[in-house]
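Can you build the whole structure from these sequences, using the hints too?
2 protein chains.
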Amino acid sequence: MLAEIITIGDEILIGQIVDTNSAFISKTLNGIGVKVFQITSIQDEEHHILTALEDAKNRADLVIVTGGLGPTKDDVTKETFCKFLDDKLVKNEKVLQNIKHIFKTYVKRVPLPSNLSQALVPSTATILNNIHGTAPGMWMEKENTVFVSMPGVPYEMKYLLTQEVLPRVVKRYNRPHIYHKTLLTYGKGESEIQEHIKDWEEALPNDIKLAYLPSLGRVRLRLSSTGPNEEQLKKAVGAQMDTLHELLVDIAVGYEDETNIQERISALLQSKSQSLSLAESCTGGAIAQEITAVPGASVYFKGSVVPYETHQKVTVLGIDETIIQKNTVVSAQVAKAMATKCVRLFGSDYALATTGIAGPTKGDATDEVGTVYIAIASPKGVFAEKFSFGNLRERVIKKATNKAFEMLLKEILKN
Amino acid sequence: MLAEIITIGDEILIGQIVDTNSAFISKTLNGIGVKVFQITSIQDEEHHILTALEDAKNRADLVIVTGGLGPTKDDVTKETFCKFLDDKLVKNEKVLQNIKHIFKTYVKRVPLPSNLSQALVPSTATILNNIHGTAPGMWMEKENTVFVSMPGVPYEMKYLLTQEVLPRVVKRYNRPHIYHKTLLTYGKGESEIQEHIKDWEEALPNDIKLAYLPSLGRVRLRLSSTGPNEEQLKKAVGAQMDTLHELLVDIAVGYEDETNIQERISALLQSKSQSLSLAESCTGGAIAQEITAVPGASVYFKGSVVPYETHQKVTVLGIDETIIQKNTVVSAQVAKAMATKCVRLFGSDYALATTGIAGPTKGDATDEVGTVYIAIASPKGVFAEKFSFGNLRERVIKKATNKAFEMLLKEILKN
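Top to bottom, those sequences are chains C and Y. Be aware that the first sequence starts at 354, since it is given in our numbering, and climbs by one per residue. Be aware that the second sequence starts at 354, since it is given in our numbering, and climbs by one per residue.
Some hints here could point you the wrong way.
As the list claims (entries may be wrong) - Only pairs whose alpha carbons sit at most 27 Å apart, straight line, appear in this in silico DSS-like list of lysine-lysine: (1) K444(C) to K511(C); (2) K751(Y) to K751(C); (3) K461(C) to K739(Y).
Source of the hints: derived by calculation from the structure; they are not laboratory data.
Structure follows, in structure tokens:
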């Protein structure tokens, strides 16, 4: 079966916000064997919505629509659905009670008429109860295609999709299984990898698809297959993946379906009852932010310092000022001293340290923009590596963050 | 004139990556008066690409296509453009030289045949030179619609769009002006705001459009207008915005077109030669990461500590252990002590501190998940506020980060 996603809202089309909802919806639907054929972002405008609904109806069995359900008058989605379905808006008592409950419990004021108007829904819609907000989810149908309308607020949408929409989709449709397995590799480009695995790739059966997904220092290799029997799919894709892993054993770090690299580090450190701290200069908190975004980080993550000013590396971390004077602040010696002091300051088993020039200007450094030293202190000692990550600030920070996780994982696996 | 964006790649449709390119392209085109009518994400598959190109041709003057230009065999965009344009691939000498140059200078190995095949382009395409990568940009035409094909790698796409595509668009098309002005507000919901400004909104002229953009504790109010005369647009929108700002003076913090809140804080601190440091517990580096993502942060940002483990608040920040014992670690007293110690540790004028329970579990705390204290130490003293940000980890961190910036801006403006 095929699904499509339609996001409604001028804010996406003028580039004011990035559409993160569609990725979440696609991934979730994929997980239960529903293939997303197309994602379309359209204007908050009746004619455009009607056209998009009609086009999607002709291609898909299920159309997920987000956005345009606010209490304010720039939102026209519900009225447009009535036109599309030849239906009319009626007040829904259950939705009204939910709105009143949310205002009483969380908003702590009396709802305005515009808030209460969110209880108006197309008469044929099945209501999906939104415990996180006042706009209800709606499940509607036209000529055997199901249309689901949800608010665009990400956590409301996520709740409705996983708790209300998914069980209904599972019940209604026979779905094939879709199975993806993704190998994470570090350190080689996609063309080099392709050259290395070309004989294997040529011989890949037609029903297994290979995709190369390059991004800043990583290439992910994804194998995908679709079919009625989940066990067979897993076996067929798994066997090919084993061969691929063997071919790329020097640069492979793990499978992404099972875990990403932070989660793998987290699991390893927890299983060994070891801990981590960070001293981030040029990455400015980006590594800590990725680590603490994952629940349970507090089990192994002791904490971090961002000694952004050169001087703070001495006063906060306590490294010897002469090391900076002799080697400059962006140097292997300073990176190593930061990591060593970080282990002592936080009492952790491992410490990661970064010092470099993210750009666009050089600051206190003499090296080129993009130069980054990453050091790791472990129970076995301390070492640093030098990198050149180019001259785009965002890319330097991201590449340094990725590289730091890669080095740390390799080091933990060694010990 | 109308533009459309087509992104090619299964990785978007299976939710493996978030499409950030489209937001950048939309915003950039909008800035030169080009309206983006629709964004469509499609499969890396010939028939789907052909259909999407044909549909877009019938609606738009300019179609920007990203993705599907890698050296590996899962990318079919160029071959499909040849079919669409009734053209054939020919080797382009300039592109070939660029590929060889990039391999010699950056990759530091001999290009493989698959790398050199990236020099094959449709014979009628105008080449847009990609200094950051081996896949060229291409400018093609069919029945008076221009098609631009670019690689999906974000920094390559950004370079090509701004340096190569934009000047050609400006030269070729007469464009109206599109003018947006966005007011940032904090602390009231969209329906409350609407109720408060309804008389003004009713009287808004038809050619000025108002949009409400709510997100975790903020509502942005955007006024938009399109027309031939830029000065008239700015004047008309500006006059309405002045009235709106006056109506919402208690909750308005600034205009987003001019600056976002971090940039405003940055500009204010720099103009006063004042500095900032952070002690982030529950936000885990998220505030530092947002601050250091902006070039020039080193001028006013001294550094930060993430004392993630309770114990580190004592050993690293140096707060009195009895304060924690008496009040628990998630308390106004601890937040204030963190901010005060942070000012001393980093020698900064301001410090922001966060302590709370991001969830899903409570850790060392007795309070409910979602409870966050944010403290600010300033030259005038220290204070803390308590918040309840719900029980979704990602949302708690994001809301606390937004709120911290809001409190800091207000405090700086007072001093």
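Evaluation of the provided hints:
1. Under the criterion of a C-alpha separation no larger than 27 Å, the hint pairing K444(C) with K511(C) is consistent with the structure, at around 25 Å.
2. The straight-line distance between the Cα atoms of K751(Y) and K751(C) is roughly 20 Å, inside the 27 Å bound, and the hint therefore holds.
3. A hinted pair counts as satisfied when its Cα atoms are at most 27 Å apart, and K461(C) with K739(Y) qualifies at roughly 17 Å.
In this structure, every one of the numbered hints holds.
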